[in-house]
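Residue 104 is where the sequence shown starts when you use this note's numbering, and the numbers rise one by one after that.
Quick caveat, the hints were computed from the structure, so don't treat them as lab data.
Quick caveat: nothing in here was measured; it's all calculated off a predicted structure.
Check the hints yourself; a few may be wrong.
Each pair of labels, with its calculated beta carbon distance range [said to hold, decoys possible]: (1) V161 <-> T120: 33 to 43 Å; (2) A109 <-> Q149: 19 to 29 Å; (3) E105 <-> V146: 26 to 36 Å; (4) Q137 <-> N116: 11 to 21 Å; (5) V121 <-> T152: 12 to 22 Å; (6) R110 <-> R160: 29 to 39 Å; (7) M104 <-> R160: 21 to 31 Å; (8) E126 <-> L150: 14 to 24 Å; (9) K156 <-> N116: 13 to 23 Å; (10) G157 <-> M104: 54 to 64 Å; (11) E126 <-> K156: 30 to 40 Å.
Using 30 Å as the maximum straight-line C-alpha spacing, the simulated DSSO-like pairs for lysine-lysine come out as follows [claimed, not checked]: (12) K106 <-> K159; (13) K128 <-> K106; (14) K117 <-> K128; (15) K159 <-> K147; (16) K106 <-> K156; (17) K156 <-> K143; (18) K143 <-> K128; (19) K117 <-> K106; (20) K117 <-> K156; (21) K156 <-> K119; (22) K128 <-> K147; (23) K119 <-> K106.
Beta carbons are placed, not taken as given, at the ideal position from N, Cα and C, and that holds for glycine.
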Amino acid sequence: MEKLIARINELYNKSKTVGLTEEEKEEQATLRRQYIDGIKGNVKAQLQTVEYKGPKRVN
104 MEKLIARINE LYNKSKTVGL TEEEKEEQAT LRRQYIDGIK GNVKAQLQTV EYKGPKRVN
C-alpha cells in the first residue's frame, strides 16, 4: 500500500509541474481506483467484526 500511495503522489506532483502523458493519466486513475478499493475492503472487513450489544442499562 505504501508503494501505491508513493506512486500516486509522484504522479500528482508531476501533474502539477510538467503535466502527465495520457499513459500516466490512465495509470493514475487505475492506481487511485486500486487505493479506494483497498480502503473500502478494509472498512468492510472492520465492520464485519462489529457486534451490536444492545443499549446500556443504568440502574
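Which hint numbers doesn't this structure obey? Failing hints, ascending: 1, 3, 5, 6, 7, 8, 9, 10, 11, 12, 16, 20, 21.
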